[in-house]
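**Student:** Since chain A is already given, all that's left is putting chain B on it; use the hints.
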Amino acid sequence: MVKRILLALVTLWLLSVLVFAAGRMLPGNVGRAMLGPFADQAAVDVLNREMGTDRPILVQYGEWIAGLVTGDLGMSYAYRAPVAPFLGEALANSAKLSLVAFLMVVPLGILGGIIAALYRGRATDRIISVTGLSATVVPEFVSGIVLILTFGVWLRWFPISATWPDGAGILTQIHYLILPSIPLVLILFGYIARMARAGMIEALDAEYTRTAILKGLSFPQVIWRHVLRNALLPTISVIATQTVYLIGGLVVIEILFHYQGIGSLIYTAANKKDFPMLQAGVMAVGALFAVTTLIADLLYARLNPRIRFGLGQ
Amino acid sequence: MSINFKRLDILRRGRSAHENHLIDGLVRGTVSRREFMRFGSVLGLSMPLLGSISAAVGYGLSATPLRAATPGGTIRFGQIVPTGAIDPVTIADSGGLTVLSQVAETLVLSGSDLSAVPLLAESWSPNADGNIWTFKLRQGVKFHNGNTMTADDVVATFDRLSDPKVGSNALSVFSGMLSKGGTRKVDDYTVEFHLDTANGNFPYAVSTDNYNAVIVPADFTGNYEDAMIGTGPFKLDKFTPKVGASFVRNDDYWGPTPLPDRIEVTFYDDYQPQILALQGGQIDIIQQVPVLQGFGLLNDPNFDIISTPSSAHQQVHMRVDMDPFKDKRVRRAIALCLNRPALVQGLMKGKAQIGNDSPFMAAYPSTDPSVPQREKNIAEAKQLMEAAGMAGGFSTTLTAAKYLEIPDYAVLIQNAVKEIGGDIQLNIMDQGAYYGDAVPGKSPWLDSVMGITDYGHRGVPNVFLQAPLTSTGTWNSAHFANSEYDALVTSYIGALDLEAQRESASKIQTLLLDETPLIFSYFYDFLTVTRKGATGVEPTAMGHLMLGQASL
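From first to last, the protein sequence lines stand for chains A and B. FYI, my numbering numbers position 203 of the first sequence as 203, with every residue one higher than the one before it. Count along the second sequence from 1, then add 313; that gives the number in my numbering.
It is worth saying that the hints were derived from the structure and are not from the lab. For each residue, glycine too, the CB sits at the ideal point set by N, CA and C. Keep in mind that the hints are not guaranteed to be accurate.
[Claimed, not checked] Where chain B lies over chain A, by a calculated footprint (3+ residues, C-beta under 8 Å):
(1) 30-36
(2) 80-91
(3) 116-127
(4) 173-179
(5) 250-263
[Said to hold, decoys possible] For the chain B half of the interface with chain A, some residues (derived, Cβ under 7 Å), not all of them:
(6) N458
(7) S485
(8) S488
(9) G489
(10) D500
(11) D583
(12) A590
(13) G593
(14) Y748
With the rest of the complex left out, here is chain B:
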């Protein structure tokens, strides 16, 4: 049994004395894995984190087996081709983010255990109201052009991102949270964020969770692909749009000296060619592969799978203002037809965590674990249908995009509701057609009576709680409008400490289980594949691939 101390150290970060005591027990062997998992969850450690810790200690399949990391060498990885130019202001896809993550960094790292870890900021704290956050910047950080990073660069970065005239992709995060002029320099290494409304999770908005929040020099003028000036562990060597890029080690890096001499990225249009290239030895790492496509690699002894728990999910909406879903008992009945453990095992090959019909997945620290898990219960579902006067069944159409496992999931839902007399027609369409113009009236995503929508990972549930569920939410496919819910979300977002967050979360979880405008069956893991024995490869569920300490 080999212990990965490096990974263990990362996982230990921010753990309380009690929690670290428990981890010590597991390392020494005085606490069994089973006891560790049980007591750990009592202490409030999330299940994925417990899994990660026990894996790092050597139980189960460790993502990064212990082996002395050797500096030098070239690491070659494959990824899906970025959908647009690599521009920190506009990138809106994880492909672009993967490239950006080689050269540029954010103030905060949203870790794989969902904790906020200092990166270019050393520390941060809110005022008593939670509407002013003060960030202390790391000193001695140099951009690739030799200039030192100061508060001026940070202020310029966030003013640019929050200016509606610039039209940055980060506006979807900052609208109503941070306005232009709200970021203020206190001294060269201190910045204050004056928020539009109180926000207890603000550090995540300037973390790796935000595609665009990387710090670039104040005099940034666009054309980022020319030099890609950032503070990251690698510097741009060559970038060819649509084809790939190469990077070299940044010897002036502020953190631990990067190990690889060189990083080579190849862009692929699809997953299959990447899998073949990995098998043929042309690349060492596939940045991300969906479970369905990567199925053949899961049990291949030549490769290691890094499974990063994420909050990415397929959201099933039921329009509360249209038949047959006007009655919440019908919505609940449908949710009760699904066998979630079977979905996780069958559809997702075990690479997912069970959901409980709210954005609060078990791994979020603020989730109240005492809210009962919804399980398949046909008897109860039939009772609900009868009480709603629909014992004779119903018929409706489920609209969904042809993307990842969504079509298979749609078929499973179709079959599941047959048990309560549900007759669902499927309307599977191209992803572009499904989203349409992304405004009500011109988008099957927002107009359909029932639909499935893919949501990417977020380190905190704020976005999931607001846009698809509040009465003013712009992505509210279920047309859910509930003033009690809106108030609960406002108090959750404004809450500064975990206890207060968990109190609101508990009420939100209970309310959503009762109303069930959306079904969250599972949150799927983010799979990264490496050559056997690779160490130090650190993906995030957003799409970053951090290779500073990577070695093959």
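Chain A extracted, bound-state conformation:
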């Protein structure tokens, strides 16, 4: 466990070096990128001096990493304001959107997979598998636009922009988040259902299942106690990796639905060479990835006694 945490920390440190170096290797300097190609050179020089971006890279890295470990994320170049509140709000927004999407897609996906596996080879299975697979390959900007045009512009059931008004209650927030969640559900449903179906089929065919049936357990008992527990193991690691995608990779959805999440934060920061914002965003997603993987491993162990007791591979 301690070893795993240390490994995660080393990974994060490597990520910090990478994201820092990658930003600085891009052509162009920060002051120029912010003021635009037509700004006076004197203005660019003054800005670079003010922000300290004219100093050696190692000094800048040292200062940033020292700030990072003490919880100081630095000042945004573009907004001349501390990064932390921007990041905090973006993370909270992303968490809300992914939670809504998650609550819809995980039960649906698993249920779909189970049903498909139980009706293996029959029409129900085909419908679930083919629909899921087809939905997965529809890019989110296509499904997003279709949803907006249908439910936002035409029927006007849902707001087009996912950003709710100030002071909106939880129900209003969920109402604003349903439309942008659906493209995510469409993309992930097929994936999760397939994993669940494959796991189910493997477990249904296993000898322990036959044994369980033969020793006279009822069908629901067999499914609940023996099949599901084994069948869902791979599905859980899939869901865990998708959580990070849900939180960190929704640039298209966030821009289309005008939502201030971490994806659009990183995207605009990269475009504007707002390095402190970009670095903080990437590090946050990296940390999230490390934590989710850790949790998934623990959950996996919880469901799999071989790992829990250290007897497995």
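**Tutor:** Coordinates of chain B only, in the frame set by chain A:
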């Protein structure tokens, strides 16, 4: 046929007796639209202005149909998210300017007909040499903090903007024109600008054409986003970076009482979400939409399009110091391959004005309209290529940024020159990569043998004439160096009256047609979209959105 008298009054401003007589005829119906357009252009009225006037009188699609404006209410508009902090000293993008234009004002308004209209200044005049300009300030103007605006605020504003140590974005306008200390108080309501060199168009440098020239209190110390103290028709209610802002009516406004109670701005990363939000009724106005993205809205009966002619354009440069463009006949031949009316209709859906390979677009009052328009002529182009010893064709690379319609324009140029045996490879790159470090040697923009660069609107052509074309110009992608041209530009900029300006302009236009270091095929319009029937919405091609008299 409904007549928009308010708009007509604005358009009439500064027109001569002859011109107003002609407009009267159109209003009464004794002059037909066709006659109006013809005689108007003879009198020297620009084509876009003639179009605006006839639209205001009710011919064609009027931008703001006549309807009694109702005070009150909230106006919600969408715009592209500002690229940085809202700070009058540093803003360098039209997104920031749109926000700033709600709260702050300049001395002069550069109107949609390109005339200079008094705003916080009541009048101005140059000395005989054109190097000292005296501005009379409007009295009784109050800042949002209750203080009265005086010459001290104006002097402090321009000293700040012209001080190289402060590093304001306005230095790109003021370098070599106005230095720190050059702005002097004469009395509380009179200011003198002592310029570094004579400049006949100086009022435009302190107008809405200059992103940063808004008057802020003398004790301004930065952190503008906290309160946004200005003199404008609206006061800041709340500003959230990256998200949006809201403003409330300024009841102490010096001008006509603002109509809306409240303005709400939402920032968007892209155009598509704004279009959807407008269609879904979440916003009332899109501040600006490019022709390509807004195509679907152009013919939608639910919305009005305000089409503001601008001098924004895509400049094609050909390096005069590199093959195959060393010979000016080759450069001219390439310019002759382009079918400009087809570009305007096809590429820009008619929302652009044809260009004649110089910064002098038809709408500038100083442009000489008698200089012949360059038209597509393949026979002549082939002759020129033969005379230049390149009848067998040539090959080169066209470098351009992935921005607006530029990639499509590049393909059209590539196809057009095939007719004279031209083989152009395209190198389309990210906008940041294209501009690079913006210094020679580290910037495809300034180094490429042929390229396309987007230039924003300017109310006078001075910047377009200098930076990309003079031998010391900092944006001279074509590496054009011509002492005769440099001298002509100096005399154009120093000229005080229109006749003298037009005389220099005529020579510059002719010289640039002969040399053709740059191709100006079209100047594109600035499109603002509103809900059907909205009135009083006044955008500028710089990016301002003036809503003081707006009503839905």
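**Student:** Now look at each hint and say whether the structure bears it out.
**Tutor:** Hint check results:
1. Residues of the region 30-36 of chain A with a Cβ under 8 Å from some Cβ of chain B number 5, which satisfies the need for three, so the listed coverage holds.
2. With 3 residues bearing a CB less than 8 Å from a CB of chain B, the region 80-91 of chain A meets the requirement of three and the coverage assertion stands.
3. Residue count for the region 116-127 of chain A with a Cβ under 8 Å from a Cβ of chain B: 0. That is fewer than the three needed, and the coverage hint is violated.
4. Check result for the region 173-179 of chain A against chain B: violated, 0 residues qualifying (beta carbon to beta carbon below 8 Å, three or more required).
5. Three residues within the 8 Å Cβ limit are the bar, and the region 250-263 of chain A against chain B gives 5, so the coverage statement holds.
6. For N458 of chain B, the interface hint is violated, the least distance from its beta-carbon to any beta-carbon of chain A being 22 Å, above 7 Å.
7. Proximity of S485 of chain B to chain A holds as hinted, the smallest CB-CB distance being about 4 Å (cut-off 7 Å).
8. Interface restraint check for S488 of chain B: the shortest CB-CB distance to chain A comes to about 6 Å, inside 7 Å, so the restraint holds.
9. Here the hint on G489 of chain B is broken, as its CB sits about 10 Å from the closest CB of chain A, past 7 Å.
10. A distance limit of 7 Å between C-beta atoms decides the matter here; for D500 of chain B the minimum to chain A is near 32 Å, and the interface restraint is violated.
11. With 7 Å as the threshold, the beta carbon of D583 of chain B comes within range of chain A, its nearest partner Cβ sitting at about 6 Å, so the hint holds.
12. Interface restraint check: A590 of chain B against chain A, minimum CB-CB distance 5 Å, threshold 7 Å, status holds.
13. A least Cβ separation of about 4 Å between G593 of chain B and chain A falls short of the 7 Å threshold, and the interface hint therefore holds.
14. The restraint placing Y748 of chain B at the interface with chain A holds, with a minimum CB-CB distance near 4 Å, inside the 7 Å limit.
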